[in-house]
Amino acid sequence: MRAWEAGKQADCYPHVAREEKERLFREIKDDERYTDYLYGCYECGICVSACPSARFYNYSPRVIAQAMAREDTDRVYEILIEDIWNCAQCFSCTRCPRQNNPGGLVSIIREVAVRNGIQETRDVLQGYSRVIYKVMLKGNQVSPDMLQPEFFADWGTWVEGFTKNMREWRRAIPLESLRGVTDASWRTDHKTLVELYTIWFETGNVELIREVDEGLYELLKNTMEEELEDAEDED
Amino acid sequence: MKTEPGSGSCIQQILQKKAQPVRRDPAKAPTHDVREELFELEARGELIVHRVPEPYLEVQTKFGRTKKIPVEHTWHHKSCGQCGHIPGYSSSIVWLHRQLGLDYVDPTDQTSCTGWNYYASGASNPAAQTAVMCRNFAAAYQAGYYPLIHCGTSYGHYKEVREELVHHQHLRDEVRRIMDKLNKPLVVPEEIVHYSEWVHAMRHRIAERQVIDMSHIRACIHAACHYHKIVVEDAIYDPNILKGERTAIITGVLQALGITVEDYSTWFDCCGFGFRHILVERDFTRSFAISRKIEVMKREVNPDMVVVQDTGCYTTLDKSQFIGKAHQRDVGIPAFSDAQITALALGAHPFRVVQMHWGSTDWRPLMAKLGIDWQTYKDEFDADVEAIRRGDKKAVTWEDCDAPVVTKTK
Amino acid sequence: MSRVLTIGSGPAGLEAARCVAELGYDVTLIEQLDRLGGTPEIERYAKLTHHFRDSEEAMREMITAVTSKPNVQVLPNTTVLSASGEAGKFRVAVKNGGAPQEIEAGAIIIATGFQHFDPGRETQYYNYYSLPDVITISDLEGMLKDHAVLRPSTGTPPQKVAFIQCVGSRDRQIGNEYCSKVCCGIASKQAIEIREQLPDSQVFIFYIDMRMYGYWEPQLYWPAQEQHKVTYVKGLVSEILPQGDRILIRGEDTTMGRPMEITLDMVVLSVGMEPSEGTKSMAGVFGVEQNQYGFIATGGASGIDPVATSRPGIFVVGAAAGPSDLDDSFSTAGLAAVRAASVLRNGGK
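Residue numbers (our numbering), protein chains in the order written: chain U, 1 to 235; chain X, 1 to 410; chain D, 1 to 349.
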């Protein structure tokens, strides 16, 4: 990832029309949280000092606040394409003496990037699709059956041992709602899931997924619509 | 920390001043009290405020306000990361309630807050996030039980979402429309309560039942960012714990159990979880957890364990150490949640309840130091697993677990 | 009625009393403590910013200039209970020791000053109460006065010291959105004094902006950098934590654009100004408006008068009206003395 340096080429995406960059920035600023998340910037560096990502990536919550306060459209576009995915969303940066919330700005920009189906955003989220599938369909972010050695090689031999014993271990849990469940974190009532699907449809969260991954969207939409129809028939 | 005084009378004066805990005057709180706004909205008929049921305990928060923590009649709002990958975390919380004979429910009418996904991908929106929260709160309200939030991110996320809900009429209207469709009332609890706050408030009652001496144990703690860095005024601070300058969570209960809590120079650092990073970009998570947390603790304190109060922090600090070991880094600190270590102190079965076999870090040296003959319990649990595999036993149940079993071997 | 009542005996109150007396009117100066001198006296200031004058000596001169005047009545150990009347004819009930007493005055000057921000309310993580070697600029004044700049934890001189600016100032999180005006100068003055007293030491100042207006540049900022080799770093500190028996600070060096961590022996917090308890209670007793920060609001009818309160005949001077340096305190004291004198001269008009 290219470092941002003042005085060097400011526009990393010259092929993207200025109108498009301005449109996206306007959409960010139109979020009603924007004015609560960005005041001014002292350049005090408190946010960077507290930021885990600033120690690992070429990433600076201070630069994000500055670029947006200065309305630097080119830099904001670069942030939308690249920087936002480095943020750990820990909100350590909210200690800002001006009460800026750089992590919150990142949340807003991510939403805009997803909503607009930006190609780079789709690329970033490609490996993440199975999580979106799980959380929207099961109401859980992760489940035991996602702990597979090919995805978690760095967690060591424990994962292999776990995979062999998953079914038995899940039955050997005293907490009833977890016991025996492997494709979700806990057993959720069918009625509850149907209510969750209603929320996803009513708030436009299903249509949003079309912008992330067309195939995933079709799968989720069809599955949830079927469940909703069945639930209506039962009523 | 050295406390021996230096020479000079003004140094004595400074040290005397520092001997006082921080004074927290709620009148000087720089933030509004969201509870007052909730009650106003309730008075206008906009929503229902779910009152903290009696009996409750009162604790102090960051700016000196009082927060009510329900003792019982709680609706256990589970955490997907805990239940999916650290089931002994959730079991331990519930086991503690059972030990104290408290009324609770383990609901199946609950979804995750879905905040982890929101913080990972941005593939959602405020209306959806608020509706998911309100659906869960309405389910608890209708069940007649008060939500006790197991996850640090759910706790922080709900507090942020609550801010948005309170401050934006159109969001309330939108969520009310959806709740109407679901045939549910729009409900927000009077207090958003994290399980570790319950553990903290109950720590003296819990410590009365301690059977394993832990007074020779030294721990480092890590408080979750989403617990004390989001909507900061809701986090518990106690003038008698860490001088009231940092959240009292975890430290309070460990001290009540006789454990020495050691300070280290990256106390406030995030663990490195990163939401999306832990799932799809773990080089960041691993590097941060090893170099900024585990190695620092090891170098400065060399504790017997690290104790956390959240799902993500546990996963990060427990699972990231394998690769550090493979690269000969200075790692090797077993990770526990406050709930798990507390359950162990009260004699919970290390495997049936605390489910230590889900942990990756080596907990055996700590067990040995506690005088717990873990092998016996491991054999017992392995027999459970084999019986389940053969079909001779359906499951491990509370009947297998309720009685404290652990005793010291020496 | 030819008397002015002045409340508070710090630099602003003393100067106001002196000026009124020299204009030929009677003054009653009341002070809640048993001795005069205000904050420089109570907190045992070493040298005054920005002139480097010995604080004790300068305050003694100011006190003598007031107590030596025949038309000044000084009432120590005295608190104000209530007030009535209006410009030209105020009646103020006070308690002098145990005895209640009524004072008639044509005009009133409030000079009740400030108190330092309590670093326990800071929303960064500075651990003032937990770590003995984290002190404030007012703690350091006493050490400098005693020529005993020592780490409280060990009683030994620190080798590396850092100042952190804007603690409790310019911070929306705390609600103190204002600049406390003097801390940049005080920290620079103290940094020079530390370097003079401990020539082997290394001193850092972490700041957002160094507010070195007017002659503070050649008097403080440049000498600190050029002669005393004090290191100024643009960037604040987010955390102070123990590291072995020393302390670690963490911030961003914003000029270099990267996170920084430095191990130190002692940290000095440049705590800002808040209204003193006396200032807040006098605002209540006299019914004058306070601004959102609790200081006494100024402006008067014109909106720009720096000593007029919301009530005619009642004036405010020095840090009771907001963060002030010594120059401000003297200027407002002199102006309020003239305003009070004209109230007396014109019979309350």
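Think of the hints as simulated: they come from the structure by calculation, not from any bench. Idealized CB from N, CA, C, for every residue including glycine. The reader is advised that the hints may include incorrect statements.
[To be verified] If you want the footprint, here are the derived chain D segments under chain X, 3+ residues with CB under 8 Å:
| # | region |
| --- | --- |
| 1 | 150-160 |
| 2 | 239-247 |
[To be verified] Below, in silico cross-link-like pairs of lysine-lysine (DSSO-like), each with a Cα-Cα straight-line distance of 30 Å or less:
| # | chain 1 | residue 1 | chain 2 | residue 2 |
| --- | --- | --- | --- | --- |
| 3 | X | K17 | D | K145 |
| 4 | U | K221 | X | K181 |
| 5 | X | K28 | D | K229 |
| 6 | D | K229 | D | K145 |
Cross-check of the supplied hints:
1. 150-160: Result for this restraint: holds, n = 7.
2. 239-247: Check passed, 6 qualifying residues.
3. X/K17 x D/K145: holds, 19 Å
4. U/K221 x X/K181: holds, 19 Å
5. X/K28 x D/K229: Answer violated: X/K28 to D/K229 is near 40 Å, above 30 Å.
6. D/K229 x D/K145: Holds, at roughly 22 Å.
Comparing the model with each earlier hint shows a violation of hint 5 alone; every other hint is respected.
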